[in-house]
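Keeping their order, the protein sequence lines are chains P and Y.
Taken in order, the first sequence gives residues 2 to 326; the numbers are from our numbering.
Taken in order, the second sequence gives residues 5 to 139; the numbers are from our numbering.
If a hint is listed, it holds; no wrong ones were tucked in.
Quick partial rundown of chain Y residues pointing at chain P, CB under 10 Å, derived from the structure: (1) Arg91; (2) Leu92; (3) Ala94; (4) Leu116; (5) Gly125; (6) Ala128.
Cross-link-like lysine to any residue pairs, in silico, SDA-like; alpha carbons within 20 Å at most: (7) Lys100/Y <-> Arg322/P; (8) Lys31/Y <-> Arg27/P; (9) Lys31/Y <-> Thr29/P; (10) Lys31/Y <-> Met28/P; (11) Lys23/Y <-> Ser303/P; (12) Lys23/Y <-> Val308/P; (13) Lys31/Y <-> Ser303/P; (14) Lys89/P <-> Leu17/P; (15) Lys100/Y <-> Leu185/P; (16) Lys67/Y <-> Trp172/P; (17) Lys31/Y <-> Ala26/P; (18) Lys43/P <-> Val107/P; (19) Lys100/Y <-> Ala326/P.
Non-contacting residues of chain P with respect to chain Y, defined by C-beta distances greater than 12 Å in every case (computed): (20) Glu4; (21) Ala8; (22) Asp20; (23) Thr23; (24) Ser73; (25) Glu79; (26) Glu108; (27) Thr111; (28) Phe148; (29) Pro149; (30) Pro191.
Because the hints were derived from the structure by calculation, they are not lab data.
Note that the coordinates shown come from a computational prediction; the quantities given were computed from them, not determined experimentally.
Note that CB positions come from ideal geometry on N, CA and C, so glycine has one too.
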Amino acid sequence: MSELAQALDTLARRRLGGDAATGLARMTAGATQEIWRFMLVKDGAETPLILRRAPGGDRVSESATGLEIEASLMEAAEAAGVPVPHVKWVLTPDDGIGHGFVMAFVEGETLGGRIARGEAFAEARKVLTRQCGEALAAIHRIDPAAFPTLKRVTPLEFVTQYRDGYLASNWPRPVFDLAFRWLLDRCPPPPENPRLVHGDFRNGNIMVGPDGLRAVLDWELAHVADPMEDMGWICANSWRFGVEDKPVGGFGLREELWAGYEAAGGEKVDPERALFWEVFGSLRWGVMCCGMANSFRTADPSVERAVIARRTSETEIDLLRLLAA
Amino acid sequence: MQDQPTPSEILGAVARFLKEVVVAETKGATSFNVRVAANALEMMRRQLDTAPAAEAAELASLKALLGIENEDEGGDLATLNAELARRLGAGELDLKTPGVADHLWATTLAKLSVDQPTYWGYRAALAERAAPTET
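Excised from the complex, chain P in its bound form (with noise of 0.2 Å):
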């Protein structure tokens, strides 16, 4: 049994009210989160868990928020309404597998392009948008005082620190530069009531089921900002897995995220600040993906990491799309 497995048996009786743990599998291998998979054995019974780390146990992440938050993140959301994986335990030290916590195993698809056009999923397509919708306005009802560490940007603070990152990259990209331009020609004064955002809040990062949507995942780039930079984020070109005329994550349309959002409590969504968040995320993503350039340069010369960076063009043509169509 390995080192990880054995702590997790213990961790099964200490903590987790079961008798013992098997079955561990590594679900992905993560750059930044390891995800295993196992079973929690109670009176013969066996229930699947989740134990979500940090990759080797405590290798922290630059931009994420760290997993203890993450948690604390998602016990707040699920109290707030949001489908969640519930939290059955955040790891500590005497625990000895790391940073990290446990939590339910959710049944579902996370893969963005069957979510948007495989037919098991034609019928929750017809209520994922407003699904969405009602999940973000619930998101948006958190209080950020809760979460006093996570980071607050203004909108112009967002972009200026995006277009850091790219003139760090050292190379030019006309597109980039019209777009930032476009950008901050546009950026709307800090929002009167910041909220707390996911921040990753996209097809991807979804759990769907052929019902509609069961679990909002990956909470680390959580902060508190402008509530309407999520409803733009997964209106991005690259979230859509081909299905043009199907906007919100190649599923829905706008206004269908927007009313969900609306009728939640969400606060009226103006289009015109929607469309610069919406701007921003594929700006965004491409900042994201030029920067695999340098990572392959020095943390992961992997083919794979070569390729990411050159998708970086994606972005660029969207970018023209939206703004010299």
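Use these hints to put chain Y onto chain P, whose structure you have.
Chain Y only, in chain P's frame:
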């Protein structure tokens, strides 16, 4: 003069070998990464085939946009692109400036034809530009 087959032809052969033989005889992550590697080789083959002509046209277009009349002046592609980027970022040039939109479209389409010729946004852009809506 270097010999034939050309780099483009040899890269194409290696990519085919990876896809047709090695993918089938490997599994899991290795098989996936072989496919990624073959795609990367095909990307480089497209770049070898098309970049020289596309970049010569880009250089001429950049000089025209930036008002550089003497052919030997202005610097290389990187320098001129950095200057165009700076002027766009500063708002000294924008989409209303004659030639800017055409230049950005031409260079971006050329980039996509190498990097991601199957990207749906690129296919859509090509279709839109082939049949522009009436204004």
